[in-house]
Amino acid sequence: MLFPSRLFPTPIEVGAHVWTLATTGKLLPDLGKTLTRAVIAFVIAMALGTAIGIGLGRSRVADRLFSAWVVVGLNVPAIVIAIVLYIWLGLTEFALILAVVLNKLPLVIATIREGVRSFDPAYDDLGRAFRMPFLRQLRLIAVPQLMPFVLAAARTGLSLIWKIVLVFEVLGSDGGVGFRISVFFQFFDIKGIFAYTTAFILVVFVFEYLILRPLERRVLRWRQPR
Amino acid sequence: MAAAAMSGPRLDIAIEGKRFDFLPEPLLERFELKVEPSSVVALVGPSGVGKSTLLRMVGGIDTLFSGSVSVDGVPAAAAPPAGFVFQDARLLPWLTALDNIRAVRPETTAAQAGEMLHRVGLSGFEHYFPHELSGGMQRRVALARAFSVNPRLLLLDEPFVSLDRTLVREMEEVLFALIEQSRPTVLLVTHLPEDAAMLADRAIVLAGRPARITADYRFTVPRGERSRAEREAIASQIAASVAPEETAAS
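Just so you know, the sequences run in chain order P and S. According to our numbering, the first sequence is numbered sequentially starting from 1. According to our numbering, the second sequence is numbered sequentially starting from 1.
Excised from the complex, chain P in its bound form (with noise of 0.2 Å):
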């Protein structure tokens, strides 16, 4: 053999090691630690990102004092974040959660940000003629301008964060599946860091197949097909 099976395992042996982690091992609780972890990260900086681009993008005011903010924020390394709050807050698992929120916000105010200044003025003429209410242009007119965003937001920070909450697992918790890479990687074992990232991979692939992507089908059916 040219390259020693050790190193480089046949994707029958991966597989085959998938099932003996999930069913023997540590893969499922594992499994389930970093997706908790980053389902509450996405949750919290997708709400906070969405109400803070909604702002910055009304007032120009807000925009001029907080821009620089944002800017500072989607270029800070990730990593410098995590260990500024690690030595602030101790290796716990709100430090991380929050060092994943602030590394994914400024993308999320950024992106919505955007999408708020797109909004076509048309549409609020169209609501004050009508004299429609301020909910109702919320829900009708406001919410739909800015879904495409929402769901690219949602895209690109859900990416972001499985990236960031694995080398932040590495880097200080006690338990999922970026802290048993990081345990692997002690031992050389490249099967096990293959089995790990194939099992979230395939989670990564729900979640676009089975969440994402129908979600978008049914937000934006209205669009011309191109």
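What the hints contain is simulated information worked out from the structure, not anything from laboratory work. Each hint can be trusted.
Which stretches of chain S does chain P cover? Using the computed rule of at least three CB atoms under 8 Å from a CB of chain P, they are: (1) 57 to 71; (2) 81 to 90; (3) 93 to 100; (4) 103 to 114.
Ideal Cβ positions, reconstructed from N, Cα and C, are used throughout, including at glycine.
Add chain S to chain P, keeping to what the hints say.
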């Protein structure tokens, strides 16, 4: 007939002044116009003269002016919303034709919205999204939406602009039938004298800055009984009153 017994509101417009920051002179100043109930009044004039602004004031969209605009004695901004038709169809692209009608007036039931679509000749298109409808069909949905909001007062801002003449004729027929059935008060902004000749009882020509009324025509022959020759005569009469440079441009 119940529909014939209905009547549109009276409009009293008395603008002291309307300015825009980017214009050196006021757009409107000491401008007065009274519109009788259930009359169809065409506002004709060159682009930028203030026709659409006037319409927005009557619709209560533009409230930044001194003076008063009232609908049956009620300030326009506090009056029930008018049936407004914009220069473009301005349908919400994420809602179907039926939902576009219901969006602006939640009290409208699906059956009523469907009936309005039937009246503008769009039965069977209730669940189509705007991008699935032609430009002319989208305008008809906009007309149905306006009528469902307020069949007593219609404000039409160049409703036929950018449509070809066949579609314009089609739209005019639909509009004509709706006006005959519901007897609303209609303010029609147009730069085409032919539209006024087809639909209006009265045509007001605006010119200058601040805008002033340079001609006020009341037509003796009812719109439904005008022959082609009479319509052409009316259109020529109006065109002659519009600024010469605008006539040359069109």
